[in-house]
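Asker: Listed here are the chains, written in short residue letters.
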Amino acid sequence: MYGIFMECWVSFKLYFGNPLQALLLVAAAIYITVFEKNMKKKLLLGILPLLVLAGFLLPVTKMLYVAAFDDGSDTYYRLLWLIPSYVVVGYALCKFAFDLGSRAKQRIALVCSLAVIVLSGSLVYINRYMSVAENFYHIPQNVIDICDVIAPQEGEPRVRAAFPSELVHFVRQYDTNILMPYGREMLATQWDYYNEVYEVMEKPETIDADLLLEATRKTGCSYIILANDRKIDKELSMCGLKVVGVVDKYNIYADPEVMGHG
Amino acid sequence: MNPVLAFLSLVIWLLVVPLCTGLLFNFILPRHRRTVAITFILGFLVYISVFELVAISSMLTVVFSAFSYCTYIFMAISLLLALLGIVRSVILLTKRNMHFLTLFPGEDHGEIRDYLNPRADLKLFKHNYSLESRIYWGIFLALMVLQLVMSVVMASFDGDDAYYVVESLLAQQADVMNTILPYTGSSTSLDIRHALAVITMWIAFLARMSGIHATIVSHTVMPLFVIPFVYLVYAEIARILLRDRQQVTPVFMVVTALLLMFGNVSIYTPATFLLMRTWQGKALVANLVFPMIFWMFLWMIEEIRAIKELVIREGSYRRYDLYAERRLRVTPWIMLGMICMFSGVCSSLGVIFGSALIGILTLVLLFLSKRWTVLVGAFLCIIPNLVYLAIYFSLFQS
Numbered sequence: 006m007y008g009i010f011m012e013c014w015v016s017f018k019l020y021f022g023n024p025l026q027a028l029l030l031v032a033a034a035i036y037i038t039v040f041e042k043n044m045k046k047k048l049l050l051g052i053l054p055l056l057v058l059a060g061f062l063l064p065v066t067k068m069l070y071v072a073a074f075d076d077g078s079d080t081y082y083r084l085l086w087l088i089p090s091y092v093v094v095g096y097a098l099c100k101f102a103f104d105l106g107s108r109a110k111q112r113i114a115l116v117c118s119l120a121v122i123v124l125s126g127s128l129v130y131i132n133r134y135m136s137v138a139e140n141f142y143h144i145p146q147n148v149i150d151i152c153d154v155i156a157p158q159e160g161e162p163r164v165r166a167a168f169p170s171e172l173v174h175f176v177r178q179y180d181t182n183i184l185m186p187y188g189r190e191m192l193a194t195q196w197d198y199y200n201e202v203y204e205v206m207e208k209p210e211t212i213d214a215d216l217l218l219e220a221t222r223k224t225g226c227s228y229i230i231l232a233n234d235r236k237i238d239k240e241l242s243m244c245g246l247k248v249v250g251v252v253d254k255y256n257i258y259a260d261p262e263v264m265g266h267g
Numbered sequence: 115m116n117p118v119l120a121f122l123s124l125v126i127w128l129l130v131v132p133l134c135t136g137l138l139f140n141f142i143l144p145r146h147r148r149t150v151a152i153t154f155i156l157g158f159l160v161y162i163s164v165f166e167l168v169a170i171s172s173m174l175t176v177v178f179s180a181f182s183y184c185t186y187i188f189m190a191i192s193l194l195l196a197l198l199g200i201v202r203s204v205i206l207l208t209k210r211n212m213h214f215l216t217l218f219p220g221e222d223h224g225e226i227r228d229y230l231n232p233r234a235d236l237k238l239f240k241h242n243y244s245l246e247s248r249i250y251w252g253i254f255l256a257l258m259v260l261q262l263v264m265s266v267v268m269a270s271f272d273g274d275d276a277y278y279v280v281e282s283l284l285a286q287q288a289d290v291m292n293t294i295l296p297y298t299g300s301s302t303s304l305d306i307r308h309a310l311a312v313i314t315m316w317i318a319f320l321a322r323m324s325g326i327h328a329t330i331v332s333h334t335v336m337p338l339f340v341i342p343f344v345y346l347v348y349a350e351i352a353r354i355l356l357r358d359r360q361q362v363t364p365v366f367m368v369v370t371a372l373l374l375m376f377g378n379v380s381i382y383t384p385a386t387f388l389l390m391r392t393w394q395g396k397a398l399v400a401n402l403v404f405p406m407i408f409w410m411f412l413w414m415i416e417e418i419r420a421i422k423e424l425v426i427r428e429g430s431y432r433r434y435d436l437y438a439e440r441r442l443r444v445t446p447w448i449m450l451g452m453i454c455m456f457s458g459v460c461s462s463l464g465v466i467f468g469s470a471l472i473g474i475l476t477l478v479l480l481f482l483s484k485r486w487t488v489l490v491g492a493f494l495c496i497i498p499n500l501v502y503l504a505i506y507f508s509l510f511q512s
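Protein chains in written order, with the working numbering: chain A, 6 to 267; chain B, 115 to 512.
Looking at chain A on its own, in the form it has when it is part of the complex (with noise of 0.2 angstroms):
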């Protein structure tokens, strides 16, 4: 039972981020249940809160939880999901606020309270995993000029080409007549899948061309994409591949044979 809490302790850790995020949450309900007078809000907004809160960290809850769904314990965290918690501390800080008695006060604690919001808190705008938009797409524009040298044109058959691990979340973003060998699917840690090209592409420090070329030709790729900083122990048009093209870093290899099977 223990482990089983602290698995959920974990969760709720990770959920937050940081403990200011976790206080002012649990403060907010604390200071509504205390202070507010009109019974209704005090139940949704204070004393629920934190019966969900508390429920979360039950282990019988999570128990029931991981039986009921198969991702059980990678999503434990949406329970929290339930706590309408922007509007538990909305509410709190501008009852807070309003609640003192002049105006100068009032506005002092608004700051003070907007002030805590913006330095527990972190900026949406400024993490790893968002950047200068380079397109409306929201891809890397290099993505798109690959797949601009590679799609078929109107009423010419569907492609494939390997691209690497790096670019393969984009690519059918933008054009779904492009196939491929393998996708994201590949990358994602917790599934263990297997794929031929996959495996001799990605996962050897240098690539064996000859293999590669086997795995490429057995599943159909018109084309292969290959960063140039890339170690091959063959360059590719010596295999009797042309180049195609060259976007950024990447080149654009064409496999006539497959090509002339397509």
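To be clear, the hints were calculated from the coordinates, so they are not data collected in a lab. Keep in mind it's a predicted model, so treat the numbers as computed, not measured. Be aware that a few hints might be false.
Here are the computed lysine to aspartate or glutamate pairs in the DMTMM-like style, where the Cα-Cα straight-line distance is at most 20 angstroms [claimed, not checked]: (1) Lys46/A <-> Glu416/B; (2) Lys42/A <-> Glu416/B; (3) Lys42/A <-> Asp305/B; (4) Lys47/A <-> Glu246/B; (5) Lys45/A <-> Asp272/B; (6) Lys47/A <-> Glu416/B.
In silico negatives: residues of chain B with every beta carbon more than 10 angstroms from chain A [as the list claims (entries may be wrong)]: (7) Ser179; (8) Ala190; (9) Leu304; (10) Val340; (11) Val362; (12) Val478.
Coverage of chain A stretches by chain B, computed from C-beta distances (three or more under 8 angstroms per stretch; other residues unrestricted) [stated by the list, open to error]: (13) 9-21; (14) 131-145; (15) 179-186; (16) 208-220.
Ideal Cβ positions, reconstructed from N, Cα and C, are used throughout, including at glycine.
Model the placement of chain B on the given structure of chain A, informed by the hints.
Answerer: Positioned in the frame of chain A, the structure of chain B alone reads:
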């Protein structure tokens, strides 16, 4: 498509059609809640519920070009509803019935009978905001506009897009509904785990109607619609919570806007989902569906007194009172039923969690209202969720 026409098409399918649909059905709303905002939300709920029915039916019954069937059927039904809404509005306007819609929350001034009626709640009528409150509204609007601009100029990376966004694009480009594996493009059987959450198909519908690439609709257009929508729901919540001091409502909105902007304390928070994965069903569940459920219960809790006062005079009902009471009692449950359908559109998680949230809040409502009939209301409104789960598990086992 011409960019101007594409923009107009998006305005029509995101704003005009839901609002006009709301105009058709807003007679179910109590008079003091018949605002543009609540009418729009009501219309959107009807619109998205219809989409769910059409999309799931098309997906399960049509083999080839399923998405085209879905598009045409939904387009016909939603345009018909919107047209009927316009016709109703014109009829009401020609009869000089100006109460069928008020512009902004609290825009409706009380009438003489409201001021004479000892049971009328004057707090529900128009307020004149002070200069300070207007400044707070200005700050809030500036924060919201900043978030909208950032949602266009900043791109976020999320691996799940390789699935959800591609599902939308496949519908637009290949005319299929969840029968091609998004990651690689191989054909597959219907992916039950995600298929019933047809939000991806709705995005594809918008993409097809506007002629804009589905990825652009997901990443650039959806935040421009969803973020203000989320704040609209928060504003309605604030209006109820701060009924006695409406001047504070804009302050609440400023606090909420900052909490969302600075809410990226982990990858799990609703704020992170809203501003980084706006177009995904989970983000909509956490930021729209759950707050909407909460809002509906605040609404019902606020009406407890009004219902009691109408019920006390049960023996001497006038027609007006009877309709008023029905609106007070039944409308929130109808809207909750449609919110449940909306949760199913977003995610199967929303269906289960939404039902749980309704269960918890119903117990609170039962405690506060002492009316056992709320249990009936709660059961009836989660019927869409039960049907959804029945379909989900029957498909899973077949």
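Asker: Against this structure, judge whether each hint is valid.
Answerer: Each hint, compared with the structure:
| no. | hint | in the structure |
| --- | --- | --- |
| 1 | Lys46/A <-> Glu416/B | holds, 10 angstroms |
| 2 | Lys42/A <-> Glu416/B | holds, 15 angstroms |
| 3 | Lys42/A <-> Asp305/B | violated, 51 angstroms |
| 4 | Lys47/A <-> Glu246/B | violated, 28 angstroms |
| 5 | Lys45/A <-> Asp272/B | violated, 39 angstroms |
| 6 | Lys47/A <-> Glu416/B | holds, 14 angstroms |
| 7 | Ser179 | holds, 16 angstroms |
| 8 | Ala190 | holds, 27 angstroms |
| 9 | Leu304 | holds, 17 angstroms |
| 10 | Val340 | holds, 15 angstroms |
| 11 | Val362 | violated, 5 angstroms |
| 12 | Val478 | violated, 6 angstroms |
| 13 | 9-21 | holds (count 3) |
| 14 | 131-145 | holds (count 11) |
| 15 | 179-186 | holds (count 8) |
| 16 | 208-220 | violated (count 0) |
In this structure, the hints that do not hold are numbers 3, 4, 5, 11, 12, 16, in rising order.
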